[in-house]
Amino acid sequence: MDSTVTDLPEAEFQALVDADSRIEPRDWMPDDYRRSLVRQIAQHAHSEIIGMQPEGNWITRAPSLRRKAILMAKVQDEAGHGMYLYAAAETLGVSRDELLDLLHAGKQKYSSIFNYPTLIWADMGAIGWLVDGAAITNQVPLCRCSYGPYARAMVRICKEESFHQRQGYESLLTLSRGTPEQKAMAQDALDRWWYPSLAMFGPPDAESTHTSKSMAWGIKRFSNDELRQKFVDMTVPQSEVLALTIPDPELRWNAERGHYDFTAPDWDELRRVISGDGPCNRQRMEHRVRAHNEGAWVREAAAAFAAKRTTGSRAAA
Amino acid sequence: MNAEPLWEVFVRSRRGLSHIHVGSLHAPDAEMALRNARDVYTRRQEGVSIWVVPAASITASSPDEKDSFFDPAGDKVYRHPTFYDIPDEVRHL
Numbered sequence: 001m002d003s004t005v006t007d008l009p010e011a012e013f014q015a016l017v018d019a020d021s022r023i024e025p026r027d028w029m030p031d032d033y034r035r036s037l038v039r040q041i042a043q044h045a046h047s048e049i050i051g052m053q054p055e056g057n058w059i060t061r062a063p064s065l066r067r068k069a070i071l072m073a074k075v076q077d078e079a080g081h082g083m084y085l086y087a088a089a090e091t092l093g094v095s096r097d098e099l100l101d102l103l104h105a106g107k108q109k110y111s112s113i114f115n116y117p118t119l120i121w122a123d124m125g126a127i128g129w130l131v132d133g134a135a136i137t138n139q140v141p142l143c144r145c146s147y148g149p150y151a152r153a154m155v156r157i158c159k160e161e162s163f164h165q166r167q168g169y170e171s172l173l174t175l176s177r178g179t180p181e182q183k184a185m186a187q188d189a190l191d192r193w194w195y196p197s198l199a200m201f202g203p204p205d206a207e208s209t210h211t212s213k214s215m216a217w218g219i220k221r222f223s224n225d226e227l228r229q230k231f232v233d234m235t236v237p238q239s240e241v242l243a244l245t246i247p248d249p250e251l252r253w254n255a256e257r258g259h260y261d262f263t264a265p266d267w268d269e270l271r272r273v274i275s276g277d278g279p280c281n282r283q284r285m286e287h288r289v290r291a292h293n294e295g296a297w298v299r300e301a302a303a304a305f306a307a308k309r310t311t312g313s314r315a316a317a
Numbered sequence: 001m002n003a004e005p006l007w008e009v010f011v012r013s014r015r016g017l018s019h020i021h022v023g024s025l026h027a028p029d030a031e032m033a034l035r036n037a038r039d040v041y042t043r044r045q046e047g048v049s050i051w052v053v054p055a056a057s058i059t060a061s062s063p064d065e066k067d068s069f070f071d072p073a074g075d076k077v078y079r080h081p082t083f084y085d086i087p088d089e090v091r092h093l
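Residue numbers (the working numbering), protein chains in the order written: chain G, 1 to 317; chain D, 1 to 93.
I should point out that these hints are in silico values taken from the structure, not numbers from a laboratory. Computed from a predicted structure; not experimentally measured. Beta carbons: idealized from backbone N, C-alpha and C, even for Gly. If a hint is listed, it holds; no wrong ones were tucked in.
Some chain G residues close to chain D (C-beta under 10 Å, calculated; not the full set):
{"id": "1", "residue": "Trp28"}
{"id": "2", "residue": "Gln76"}
{"id": "3", "residue": "Asp77"}
{"id": "4", "residue": "Ala79"}
{"id": "5", "residue": "Gly80"}
{"id": "6", "residue": "Tyr84"}
{"id": "7", "residue": "Ala87"}
{"id": "8", "residue": "Glu90"}
{"id": "9", "residue": "Asp97"}
{"id": "10", "residue": "Ala303"}
{"id": "11", "residue": "Ala306"}
{"id": "12", "residue": "Ala307"}
So here's chain D without its partners, still in its complex pose:
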């Protein structure tokens, strides 16, 4: 028998917040994955909404190229508000 596919589980803990990755599980199909996710990850009302995503559908950046991949943002401190010198007396800025 083939192993059941792996699903990644995301839970919205309450209205107004994003879904956050909480873990993974195996299930034969999406409907069972949702039910299993409810039983495995929300036994104590940890969520008001669940997403399940086939793990095979996720495209991830590679840890081997993490330096070159994220480097472009490294030398652009001017993207942060603290980069700019503003006189103290200026308010609401």
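Chain G extracted, bound-state conformation:
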């Protein structure tokens, strides 16, 4: 039989990826591709869910009803984003319960940024502007990711994230244009969130373990360092309108490169936080596990009610 190269499933898979087409759940895919996607999508979903905590911390203490309603809507969005992403991961053959168990056992990670504390109200503004801004920079290219369900989830998420970033910037601008004390709060928040936000793009390219394969598979389209540079270039002019100072004495425009030069985050700190030794790692996980366990009766009651109705309607028929 005349067997051409394109008859091989792997070649067909790579041809689809190279043609910028999409891989769908029931298509053949390399095991490594599947594993890599499960790891990345699950980590992304966990980040959305854990990411509700630092901001949830300030809902009851928001300075006005307007800010409170906005903050609640944002935290609800994060829950929704977690749901889109868990559903995308499940199309790869893992169950929701498995993913939650792995998170609770510390075997899957979430973004290290959420292991930093939210000490003052201005942190809500800085998180929206910088953390969501960095997330958007990371996520926009993922809307064209080779795996269909992940790309579709990212399209929804990116549409919604834009509000997150703008509300944060507006909140920080209000503080910055307020009393000297309020402006000092805004500056304090920027001082603490700047470097952790830069670290959100992951280790430098030379040390990034997943980059090259993810690029070949169309999961990733830009390297960590490229995205970090893009974020800095966008953010510096925004900080000027805020009249706040980015805490980096080396930050300056490099006309030759056409980019800002900046100081890299402390990679040792990033490694420490990822490996569990950040300011809030234990607190975040404890809260997550407690919320899950304390919600067990709700899940059980809903299941019992559904079961009763099924048997009830059978008895009636």
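Using the hints, position chain D against chain G.
Below, chain D alone, put in the same frame as chain G:
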């Protein structure tokens, strides 16, 4: 505890349009699936009507036989209006 069943969610974004698949979710029963779908997929007035369908009830064509399954339509270009040569002066056709 058994995992809650998976539901596929379809949303009609406005009157006059079809329901379109937007994603999936878990819920113990149809009523909860509808409520969850409202919260997960229509937080910004994305819909005026929602369908939820148990994922297990969907029968799908297999990607393995996609060539043979869809082949019959492949060589029937005469099903398209552009297949036919009509003189330019003929109007409304």
